[in-house]
Amino acid sequence: MGLNDELRKLAASRWGEGRMRQVYNALAAFLERTEAAKHTLKVGDTLPEFVLPNAEGRLVSSRELLAQGPLVVAFFRGDWCPFCNLTLAALEDALPRIEATNARLVAMTPDANGLAMRAKHRNSLHYDVLCDIDNGVAMQFGVVYRVPDAYRKFLEDYKCDLEARHGNDMWTLPMPSAFVIDRQGVIRYAFVNGDILVRAEPDEIITELKKL
Amino acid sequence: MPAIYDRDAGGLWYDWPTAPLARGGAGFSRNRDRAMELTQIRYFTALARVLNFTRAAEACNVTQPALTRAIQKLEDELGGPLFHRERNLTQLTELGRVMLPLLEQAQAAAQAAREQAVAFRKRDSSPVRLGLDASLAPALLTPVVAELSHTVSALDLSIQQDETAGLAVRLLEGEADAALLIDDGRIPERVHRWPLFSENHVVLCPPDHALAKLDAVPISVLGGPKLLMRDTDGCALRAALGRMCATAGVTPRVRLAASTGEQIAEMVKAGLGITLAGARQPVPPPLVARPLQAADGDRRVVLAAPAGRAHGPTLALFIRLMRARSWSEIPAAA
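Protein sequence lines correspond, in order, to chains A and B. Going by the numbering used here, the first residue of the first sequence is number 1, and it counts up by one from there. Going by the numbering used here, the first residue of the second sequence is number 1, and it counts up by one from there.
Read the hints as simulated data drawn from the structure, not as lab findings. Treat the hints with caution; some may be incorrect.
[To be verified] Listed next, with one range per pair, are the computed distances between beta-carbon atoms:
no. : chain 1 : residue 1 : chain 2 : residue 2 : range
1   : B       : P81       : A       : E163      : 26 to 32 angstroms
2   : A       : D169      : B       : P81       : 20 to 26 angstroms
3   : A       : A67       : B       : A139      : 29 to 35 angstroms
4   : A       : D157      : B       : A59       : 39 to 45 angstroms
5   : B       : S126      : A       : E204      : 39 to 45 angstroms
[As the list claims (entries may be wrong)] Listed below are the simulated DSSO-like cross-link pairs for lysine-lysine, each with C-alpha atoms no more than 30 angstroms apart in a straight line:
no. : chain 1 : residue 1 : chain 2 : residue 2
6   : A       : K211      : A       : K42
7   : B       : K213      : B       : K269
8   : B       : K73       : A       : K42
9   : A       : K9        : A       : K159
10  : B       : K213      : B       : K226
11  : B       : K269      : B       : K226
12  : B       : K73       : A       : K153
13  : A       : K42       : A       : K159
14  : A       : K42       : B       : K122
No experiment lies behind these values; they were computed from the predicted model shown. We treat Cβ as the ideally placed atom computed from N, Cα and C, and that holds for glycine.
Pulled out of the complex, with its shape left as it was, chain B reads as follows (with noise of 0.2 angstroms):
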C-alpha cells in the first residue's frame, strides 16, 4: 500500500467545500429537511428523464410550482442551473449532465438501505438466483450465503454453474439476478460489475509430476500434448489460455477432456495430463498448483448484475455482503 494510506507517514490533510448532496434547507424539522433533500433528487431526477416540467409533476403526484422550487433548491445547492428552460423545451444543462448519474446513485443508495432495513425487519426474503462461473469455487459463496441463512428466514436460494457468457445472458434475461463471473471483456456493458479479485492462472498437476518440482512453469507446456481442459463453450479458462498463448507465441494443445472441472480433476489425479486453474481457487488434493509464466494472465473476478433492475430485499443483502467483504482471502474448499 503507498505511504498515503499509513498513519505515521504524510496522509490527507484537509477537506473541500463541496456541494452538498444530502443535506436540505434551513427551517425544517423532524427529519423533514432530509426528506426534502432525497425529494428535490427524486423530482431532478423524474424531470430530467421527461424533460417537462408539468408531466414531471404529474410523474412526482406534486403540483409543477413544487416541483419547480425543489429544483430551484437543488440548483443554488449545487451552485448553478441544472436545466436549460426555453419556452416548450427543457434540457439539462452541463452540469445538470454531470449530475444526473450522481444524484441517481445517492437516490438508490438512500432508497435501497431504507428499502433493506424494512425488509429485514418485516424478515421479508425473496428467491436468489446465482450464477457462479465454472472456473470458479462454490466455496467461494460459503460465507455470505451462510450468514444470509443465520439471518433471514425460509432462505431460497439456488446456485448455478455455468460459463460467464451463458450466465451474463441469464442475467439479462431475468433468469437470474446475481452472478460470480470471469470478467474478460465478453460481459455486455448492461451488467453492472462489481470487482472482488484477480488472480493469476497456474498449472494443476499430480504431486509425483516433473512440473511439480518446479517453482514456476513456463507457458511452454502448454504447447505440450497432455493440457486437459473443460469442453463446454465460452470457457473462460480457454480463453485465457488462448490469450496467454498468443502473447508467448506458444501453439496450445488442448485435449477437450471433460464438461465438468471435478472431471477434470480427476483426470489429472489419474496422471492423464494437465490443467489450468485460477490461482486462489481451492486446489483439489492430492494434486499440486504451480504459477505459471505468462503475460496477460490476470483473471478479473466479479459479481455481477444486471443494471439498472430493483434488488429483491434478499438480493440486496447478498450484494451487500459480498462487496464489504474482503476477498484478500479465498475461503477454503468447503
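Extracted from the complex, chain A is given alone in its bound form (with noise of 0.2 angstroms):
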C-alpha cells in the first residue's frame, strides 16, 4: 500500500462519510478551482540556497548538502498534523533507498522552539528536520499561504497555537510538498499539491533520483 493509499485510510478512520468528508470535498474543489499549486517552484528552476538550523540545534547549508549529492526537500507542517506525520514516516522507510542513490534527504517544518526534534523523535526519522524559520525558503519556493480565520480559529480550538510554535504572528503555513534537487541546484522533480491526502509517493522519489 502506497502513502497515498494509507492516507486516505486514516482520513477514512477520521473522518468518516460526515461533515468532515464534504468540507473536505468543498475544498478540494476549491484548490483545484483556484490551481493554488500550480504557481511554486517547479522542473528546471534553481533551488534557493539556504542555511537553516536543524532539529539538533546544528546549521545546515544546501550547499553542503548538495556536495554530498542530489538532494530531497520535503515540506511539511508540523507534528500537529497526523497526515504530515504519516508522510515523515514513510519517508522515514524509504530512506535506505533514498540513501543508495547517494542522495540526501531533509525535512523543513515552520515549527520551532525545539518542536522539529519532536517530529523527529515521534516519528522515529534518521534524517535531518530543518527549522524553516518564519517560513523564509519555503517563501522562496512559493509553497506559503496565510491560515484564513476561520481555519485559525478551529486550529486555536484544538489548542494548537501557531503563533506559539512559530515564533511568530504571521499565521503561514506551507502546502506539504516534496522536491528532487540534482546535484547541480536544478529541480528536476516537483510536487506541490494543496490537497493534504495527495502527496508525492517516496517510490516516485526514488524513481526521480535514479534518473539522475
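Using the hints, put the two standalone chains together into the complex.
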C-alpha cells in the first residue's frame, strides 16, 4: 500500500462520510478551481540557497548538502498534523533506498522552539529535520499560504497555537510538498498539491533520483 | 499537551482555501514567477509607505504602470482591493491594513533567509554584541555560541551581563544587538521579543539549612532577616520579590549584599543567608534550591532585539539558532 493509500485510509478512519468529508471535498474542489499549487517552483528552476538550524541545533546549508549528492526537500506543517507524521514516517521507511542513490533527504517545518526535534523523535526519523524559521525558505519555493481566520479559529479551538509554535504572529503554513534537486542545484522533480491527502509517493521520489 | 497533538487522537483533518502569499501568476518560468511574487510584495509595502503611485514607483526603480500591474495582481490573489485610489489620495483599504504587517514580515523572512545563505557561503561574519540579564546563567548561550564558533570563521562575539532595563536601553541605542531578558512588563514596545521559556522562583540555601529539609518554601520566609539580594538598580529578581510579596501580604526584608550573583552565592555558601533565583538556572554547588510557594512567580525569559533593525549575518544566525532550539531543558553550567 502506497503513502497516498495510507493517507486516504487514515482520513477514512478519522472522518467517515460525515460533515468533515463534505468540507474536505469542498476544499479539494476550491483548490482545483484556484490552481493553488500551480505557481510554486517548478522543474528546471534553481534551488533557493538556504542555511537553517536542524533539530539538533546545528546549521545545515544547501551548499554542503548538494556537495554530497542530489537532495530531496520535503516541506511539512508540523507534528500536530497526523497526515504529515504519516508522510515523515513513509519517508523514513524509504530512507535506505534514497541514500542508496547517494541522495540526502531533509524535511522542513516552520515549527520552532524544539518542535522539529519532537517531530523527529515521534516518528523515529534518521534524516535531518530543518527549522524553516518564519517560512523564509518555503516562501522562496512559493509553497506558503496564510491561514485564513476560520481555519485559525479551528486550530485555536484545538489548542494548536501556531503563534507559539512558529515564534511569530504571521499564521502562515507551507503546503506539504516534495522537491528533488540535482547536484547542480536544479529542481528535477516537484510535487505540490493543496490537497493534504495527495502527496509525493516515496517510490516516485526514488524513481526520479535514479534518473539523475 | 492536548490531544490534538497526538497522532492517534482526533487530529486536524483538513486544510483550508487560502489567499496565496508567495505564489506568482502563471506564464512565468525559471524562478521568475516567485521573484515576481516577492516583487509584488515589495511594491505593495513601498506603496503602503508613501501612499503615492509615482513616488512608490520611483522608490522601487520601476515604471508606474509596472507597479500598478503588480499591485493589481496581488489584489487579485488576496481577493480584494488593497488601496482606495482617489484622484489625489491613495489610502490603504481595510484588507490592505490587515495584510501590510503580514506581507512585510513575509518579505523580510524570505529576504533574511536568502541573505543569510549568501553570507554563510561567503563566510561573511559581523560582530555580535549580546546582553544577558544578570539573573540568567551564561550557560544558556553556550550551545548556540558553540555552534556559531564551529560554523562562522573569526567569530566576533561579546556578552555583557546587566539588568534587563539597562540592556533594553542599550538595544534601542544600538550598543547591543540582541539580549536574553526577563519580560516583566518593563521592556519598551520597540524591542521585539521572542518568548523562550518561563520559570518559577526558588530559594537557594546551604544544604544543612533548615529550609533544605522542606519540599517547598513558604513565601513568609522572605520576610525573615537573612534574605540576600543584589544591590543593582532594576534587578529582575527584586522586582519579582516585590510582586510576590505584595500578592501574599508579606513585607520582604532584603539585605542588599553584593553587586553580582556570584558574590551573593558565595555569601549564601558562607551561611550569611538565603537568596532567590530562577528555578531553571544552574545551582552553584553545594547550595540547594527549594521551590517557592508563591503566586505571580512566573519569570518569562525572552530573546530580544530592536524592532525593525536589520540584522547582520552572524546575528541573524544567532537568532535563528536560539528560536529553533528547545528550551525545555536548560544547558548545564559550563
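Index of numbered hints that the structure contradicts, given in increasing order: Result: hint 13 breaks, nothing else.
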